[in-house]
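Student: Take -17 as the starting number for the sequence shown in the working numbering and just add one per residue.
Among the clues, some could well be false.
Derived CB-CB ranges, DEER-like [as the list claims (entries may be wrong)]:
hint, residue 1, residue 2, range
1, Lys105, Ala169, 21 to 27 Å
2, Thr96, Gln168, 28 to 34 Å
3, Gly13, Gln168, 25 to 31 Å
Bear in mind the hints are in silico, worked out from the structure with no lab data behind them. Glycine included, C-beta positions come from ideal geometry on N, C-alpha and C.
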Amino acid sequence: MSASDGSLGDIPQAIRKLKPGKLVIASHNAGKVREIRELLGPFGIEPVSAAELDLPEPEETGTTFVANAELKAMQAADLSGLPALADDSGLCVDALNGDPGVYTANWAETPDGTRDWMLAMGKVEDKLAALGPDISRRAHFVSVLALAWPDGHVEWFEGRADGMLTWPPRGDLGFGYDPVFVPDGQAQTFAEMDQAAKQAISHRAEAFKQLVAAVL
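Take these sequences, add in the hints, and give me the full structure.
Tutor: Pasting the structure below:
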């Protein structure tokens, strides 16, 4: 199956069960790997990260969250010979026509190739400020999880968390844009919440709930 040119609504859901054992987390993002490890803990899965296996980071050439999650998971599964789980996620700001969206990480890129998330959050804030004091600060996070097997079979699951952007950034418990995102119904940013509180409502946790129901 392939979703490179479509959305989740186009994807056939021929569910394959995931057996206990090793699973590659196809990410070099330490915060993301930590979250996924904790979510997988109760299910007899033995997570190993792409970084621990010295797997290369693929170029994220997709134009959708689904496409990028798929290519990361498929590469990791192919190179490792193990099932692989990849997440592609991002912040979509209503007033910025959904940006940074699928290019969320690109907004954090620095000339030396590292990622500076304070820089990325500042870019979002500067663009909103340029639109005026009354501009909407509504935003949402999207997470697409792609689970791939070495034979090329892939399953996809999508989660979303809606909220408001705040400035200046608050908290140091999260990663990425977490310090400027206050989810609906909460007073704290994702970066101010402890891990359990965030996982109860986050976009990644929502996608993971769907994965658990379908394949575990």
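Student: Within 28 to 34 Å or not, the Cβ separation of Thr96 and Gln168?
Tutor: Because 30 Å falls inside the window, the suggested range holds.
Student: Just to be sure I understand the hint, the distance between the Cβ atoms of Gly13 and Gln168 should be within 25 to 31 Å; is that true here?
Tutor: At 19 Å between Cβs, range violated.
Student: So does Lys105 sit 21 to 27 Å from Ala169, Cβ to Cβ?
Tutor: 25 Å Cβ-Cβ, so the 21 to 27 Å window holds.
Checked against the numbered hints given earlier, the structure breaks only hint 3 and satisfies all the rest.
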